[in-house]
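Enquirer: Spelled out, the chains give:
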Amino acid sequence: MSCEEPTTSPTPENNITVVSSDGKEFLLDLKLTEQSETLARLISNFEYDRTDVKKDPVPLGNITSAQMQKIIEWLQHHRYYPKWEQNDIHYSTSFTFETWVEEYLNIPNNEMFELLNAANYLNIPRLFSTICRIMASRITGKSAEQIRTVLNIKTDVKNDVYTGIPIQEDSSSSEDGMSEISLSPSPPPI
Amino acid sequence: MSPGFPLFRLPDNVVLSVFQSMEVIEQMLLSMLSMKTKKIVCSLNFPLRKMSLGTCAPCELEIRFYSIIINVVFEKSEREDAETELLEIKRPERVRFDAGRKVNYALESVDCQWGNGTFEVRDYIDHFMEILNHDRIDELTVTGDDAYPPESIQQLVNELDIRQLSFSDWVSDDNVITYLNAIKPTRSFYLDRCSLFDWNHTRMSQFFVQNLDYIIPDEEERTCMRRVGTYEERTETFSGGSYIRRNDGTEAIVHAEYLRFHLILQEMLLSMLSMRSKKIVCSLNLLPECEEISLYKYASCHLLFRLYPFYISLRFEKFEKDAEREIVEIERPERVKFHLSRIVGNRDESVNYQWENGIFKVRDYIDHFMEILHHDRIDQLYVMREDAYPPEEIQRLVNGLEIRQLTIYEQNSEDDMMIYLNAIKPTRSFCLERSPLFVWNHTKMSQFFIQNLNLIIIGNAPLLTLDDLLLMNASEIQIVTTRMTGKDFNRFLKHWIAGSNPRLRYLWIGCQLTDDFDEEQYERDLLQGIDHRKMADGEERTYGRHMGLYEERTETISGGSYIRRKDGTEAIVHAEEIFFHLILQ
Numbered sequence: 001m002s003c004e005e006p007t008t009s010p011t012p013e014n015n016i017t018v019v020s021s022d023g024k025e026f027l028l029d030l031k032l033t034e035q036s037e038t039l040a041r042l043i044s045n046f047e048y049d050r051t052d053v054k055k056d057p058v059p060l061g062n063i064t065s066a067q068m069q070k071i072i073e074w075l076q077h078h079r080y081y082p083k084w085e086q087n088d089i090h091y092s093t094s095f096t097f098e099t100w101v102e103e104y105l106n107i108p109n110n111e112m113f114e115l116l117n118a119a120n121y122l123n124i125p126r127l128f129s130t131i132c133r134i135m136a137s138r139i140t141g142k143s144a145e146q147i148r149t150v151l152n153i154k155t156d157v158k159n160d161v162y163t164g165i166p167i168q169e170d171s172s173s174s175e176d177g178m179s180e181i182s183l184s185p186s187p188p189p190i
Numbered sequence: 001m002s003p004g005f006p007l008f009r010l011p012d013n014v015v016l017s018v019f020q021s022m023e024v025i026e027q028m029l030l031s032m033l034s035m036k037t038k039k040i041v042c043s044l045n046f047p048l049r050k051m052s053l054g055t056c057a058p059c060e061l062e063i064r065f066y067s068i069i070i071n072v073v074f075e076k077s078e079r080e081d082a083e084t085e086l087l088e089i090k091r092p093e094r095v096r097f098d099a100g101r102k103v104n105y106a107l108e109s110v111d112c113q114w115g116n117g118t119f120e121v122r123d124y125i126d127h128f129m130e131i132l133n134h135d136r137i138d139e140l141t142v143t144g145d146d147a148y149p150p151e152s153i154q155q156l157v158n159e160l161d162i163r164q165l166s167f168s169d170w171v172s173d174d175n176v177i178t179y180l181n182a183i184k185p186t187r188s189f190y191l192d193r194c195s196l197f198d199w200n201h202t203r204m205s206q207f208f209v210q211n212l213d214y215i216i217p218d219e220e221e222r223t224c225m226r227r228v229g230t231y232e233e234r235t236e237t238f239s240g241g242s243y244i245r246r247n248d249g250t251e252a253i254v255h256a257e258y259l260r261f262h263l264i265l266q267e268m269l270l271s272m273l274s275m276r277s278k279k280i281v282c283s284l285n286l287l288p289e290c291e292e293i294s295l296y297k298y299a300s301c302h303l304l305f306r307l308y309p310f311y312i313s314l315r316f317e318k319f320e321k322d323a324e325r326e327i328v329e330i331e332r333p334e335r336v337k338f339h340l341s342r343i344v345g346n347r348d349e350s351v352n353y354q355w356e357n358g359i360f361k362v363r364d365y366i367d368h369f370m371e372i373l374h375h376d377r378i379d380q381l382y383v384m385r386e387d388a389y390p391p392e393e394i395q396r397l398v399n400g401l402e403i404r405q406l407t408i409y410e411q412n413s414e415d416d417m418m419i420y421l422n423a424i425k426p427t428r429s430f431c432l433e434r435s436p437l438f439v440w441n442h443t444k445m446s447q448f449f450i451q452n453l454n455l456i457i458i459g460n461a462p463l464l465t466l467d468d469l470l471l472m473n474a475s476e477i478q479i480v481t482t483r484m485t486g487k488d489f490n491r492f493l494k495h496w497i498a499g500s501n502p503r504l505r506y507l508w509i510g511c512q513l514t515d516d517f518d519e520e521q522y523e524r525d526l527l528q529g530i531d532h533r534k535m536a537d538g539e540e541r542t543y544g545r546h547m548g549l550y551e552e553r554t555e556t557i558s559g560g561s562y563i564r565r566k567d568g569t570e571a572i573v574h575a576e577e578i579f580f581h582l583i584l585q
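If you read the sequences in order, they're chains Z and R. So in UniProt numbering, the last spot in the first sequence is 190, and the numbers never skip. So in UniProt numbering, the last spot in the second sequence is 585, and the numbers never skip.
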């Protein structure tokens, strides 16, 4: 599904400023913030949707400027999409995605990881769900070994179901393989 | 190469959401990767509907959700030796996942497979039961497959709650008893056929007295819930029926039409289990309207019952091994196939059962069913082919039985045809697809025509003469082709007027069609010298004629002539192309 993207420049009356963890400011249209349940709740609580209320910049300590840039790109693209609704539990959505989405998420795993964290923190369900389904699509039809590689899972049972070879404890929680990832601070539980 | 996605570096709630976003099949696969993934998958609370285990090689576990069905197939070793076959059910070499799921309201299939390690089939069953929070096997289907002996199956499901035990195809009688003893279902069992010859009341009663709940009646009036499988219930509606009340006040609707289709088979099968069950079925008298029992002799022997609106067919199958045993076939079949069908609206509803035969002979089956159906005759005997059973065999098979109609098809040799006609005396009618050519002579055939039959039907009778026709003391005669002419029929009519063929009510006979056949001349020849009166223009008369043994059809005739016998009986004579009708009112 795709929508027309009319260009509207944010004005002080219909936007708020968010500040990323590295101190960069972003001017966000209020219409865009509707896609983020975290921001929408914040705007509603502080009544920032009223023109007579002074709007302070909103600090987003868990989101870097690079992540915020990527998030805004998503929000802009989905500006006129209908409100996100959970699918019928008895039916699955397909593992095929819009070309734009495929290009948007054609990023290294470390960036994907950060984007998923950011989507979770800002509670953007469409983006969160899309990344989850992208992850699911990457393991569909794969063998156990391939799934382990894709999701960096090490088995922690005494004997591997597939090979019968005794194996070591799960070390997926260690920092192995994560050195190149520039992680933002761990998000607080929502 | 990009490092893997660090799934477990995500917060727990996000990990859970990632798992939740996946499809069941991916979740299943993930559950087998580590204890951690297994725990997460366990916490997902799947909306599972049914888990079934089929032991037909290869062993298969079916996991059924609302939108997806997953078959976990435990595949055997490709090394085709007996040792590995048993290994298969214990420790498969390969495991295949076949899943069909509804994606955007369309069906999509996904499959993957992997080489198995140390997991045995039971480990997989336990694993899936655990992650799906399912504490039972809803249905266990055992087959006659030799790959797994009953002990092996028993070991596989030891201590599991088996809700329904189903037998399909060919499980030997001994194995049925072994399974029934070894695996105790908690809800229901389904026998594709009853074990006939291992049966005795003491052995089987223990399985019947269990508190199983296969049928659940519904309280709603004129609808009822019928079980289709272990859990699936189908609401069916019906009209009519009668209310009955038990002493304790329980009310039920008895609806014969609805119940019959499902009961007839059980009744028939039950009737064969013991003398006691036979007596009970006899006394039920639930099948009083048996219209017809027919015996067909093709390459295999068929017994057909017609109980409107049902057709029930018993097929006695021949040995496939050698020709020498063909004679045995009609005496003692190896297999008996049972087919029950009825027409419901525009569709045919049917069920098939089959069982290995023990000591019952075909004649035993005939006697048995005649007894339980309170039917004292074979309505029709069809003799189709000459090769499988010699005529003497057929004669022996029906010896002492009343045969209402004998039908002999033209594939039979003329000698055999004569043997059949001599050996089997039908009480109502006979039907020959053709009359014998070379063995024909008036004396030989006259004995068959002279019987007081209701109906004689002959297809092709080139040697039939006027004398033969005059001897036919039947009330209805239908002969398609003869070499008789209009003049011959004229002589016949004059004999009839004088008093011959006193029982005749309807004659339909074809004359010889020659190159110079003239229809007008034929009509003139027919009534030459006979006092007659033409039917008025537009005048129509109706008459009845037999279509088969019992069915009568009313037809209309116009354009004929009235003639009158000496005793005053009036008839209509009508020529239509090469056919000549004589119709009594």
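Check before you lean on any hint, since a few could be wrong.
[Unchecked claim] Taking lysine-lysine pairs in the BS3-like style, the calculated list, with each CA pair at most 30 Å apart, reads: (1) Z:K142 - R:K278; (2) R:K361 - Z:K142; (3) R:K487 - R:K361; (4) Z:K154 - R:K36; (5) R:K361 - R:K278.
[As the list claims (entries may be wrong)] Taking CB as the label site, the calculated pair distances span: (6) R:Y66 - Z:E103: 31 to 41 Å; (7) R:D135 - Z:K31: 45 to 55 Å; (8) Z:S137 - R:S341: 18 to 28 Å.
Hints in this document: simulated from the structure, not taken from any laboratory. All C-beta atoms, glycine included, are put in the ideal place defined by N, C-alpha and C.
Enquirer: If a hint holds in the structure, say so; if it does not, say that too.
Expert: We went through each hint and held it up to the structure:
1. Z:K142 - R:K278: violated (59 Å)
2. R:K361 - Z:K142: violated (58 Å)
3. R:K487 - R:K361: Violated: R:K487 and R:K361 sit about 53 Å apart, past 30 Å.
4. Z:K154 - R:K36: holds (10 Å)
5. R:K361 - R:K278: Cα-Cα ~17 Å, so holds.
6. R:Y66 - Z:E103: 31 to 41 Å: holds (34 Å)
7. R:D135 - Z:K31: 45 to 55 Å: Holds - the Cβ-Cβ distance for R:D135 and Z:K31, about 51 Å, lies within 45 to 55 Å.
8. Z:S137 - R:S341: 18 to 28 Å: Distance hint for Z:S137, R:S341 is violated at roughly 48 Å.
Against the hints set out earlier in the document, violations occur for numbers 1, 2, 3 and 8.
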